[in-house]
Amino acid sequence: MKALPVNKDFFGCDTVEAAQKLLGHYLCRETDEGLVSGIIVETEAYLSENDPACHASRGRTKRNSAMFGPAGMAYVYFIYGSYHCFNVVTGPAGKGEAVLIRAVQPVEGLDLMFRRRGNKCAVKNLTSGPGKLCQAFAIDESLNNHDLQRKPLYLEENSMNSENIAIKSTPRIGVSSAKNKYLRFVIVDNHYLSR
DNA sequence: CGGGGGATTACCT
DNA sequence: GGTAATCCCCCGA
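Quick note, the first sequence lines up with residues 594 to 788 if you use the numbering used here.
Any given hint could turn out to be false.
Unchecked claim - Once the Cα atoms are required to be at most 25 angstroms apart in a straight line, the calculated DMTMM-like pairs of lysine to aspartate or glutamate come out as:
| no. | residue 1 | residue 2 |
| --- | --- | --- |
| 1 | 688 | 610 |
| 2 | 595 | 749 |
| 3 | 761 | 610 |
No lab work stands behind these hints, which were simulated from the structure alone.
Given these sequences and hints, build the entire structure.
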């Protein structure tokens, strides 16, 4: 497998385009317990301008500072007292934009994902949501600001990607503002979406 | 220093 | 489909 080039060729494009281009590629995570990987099947774009739902919309704080770093870094935050959400920082450094990874299709390390998620859960329930996939991939705030070109959390290229698969857009999930904006992107007919 | 709220999930009816 | 769980961050006083 080839590392996804997290450079200007890939992330030089704007965040809305990056959210679509990430679909189909692999997310990989290595720990002492082993490797897990999955295909990114659902993303959401969060923009710096005219987007109150974006954490960066009211300026830089300690919590959201990773969003203002260079593209290709991880932005991980803790929510609802229980869960984490994982984002890929996009756009020029200092702008404060990111792509939320909302769901992946499990590929490698399903046994490990089951262990982390609770053995009784169904395969399609392992990683079909931003909090779920962070559990299955053991992603927490220790990976905030992590460079996604490096282990233990990185992206890999897939020949099946946005250039040759069907993608559709919808309003974002759990976002009360900007419901008219179609900033959620999914692989059509994929069975591992959050809904 | 206290209160409100959140890019969610699991479990209930 | 409705809601409790749960805690860190941020803002205002």
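| query | Is residue 761 within 25 angstroms of residue 610, Cα to Cα? | reply | Status holds; Cα separation ~13 angstroms.
| query | Taking only the CA atoms, is the gap from residue 595 to residue 749 under or equal to 25 angstroms? | reply | 6 angstroms, holds
| said: Would the hint linking residue 688 and residue 610 be met if the CA-CA limit is 25 angstroms? | reply: 16 angstroms, holds
Figure legend: structure checked against the earlier numbered hints; every hint is met.
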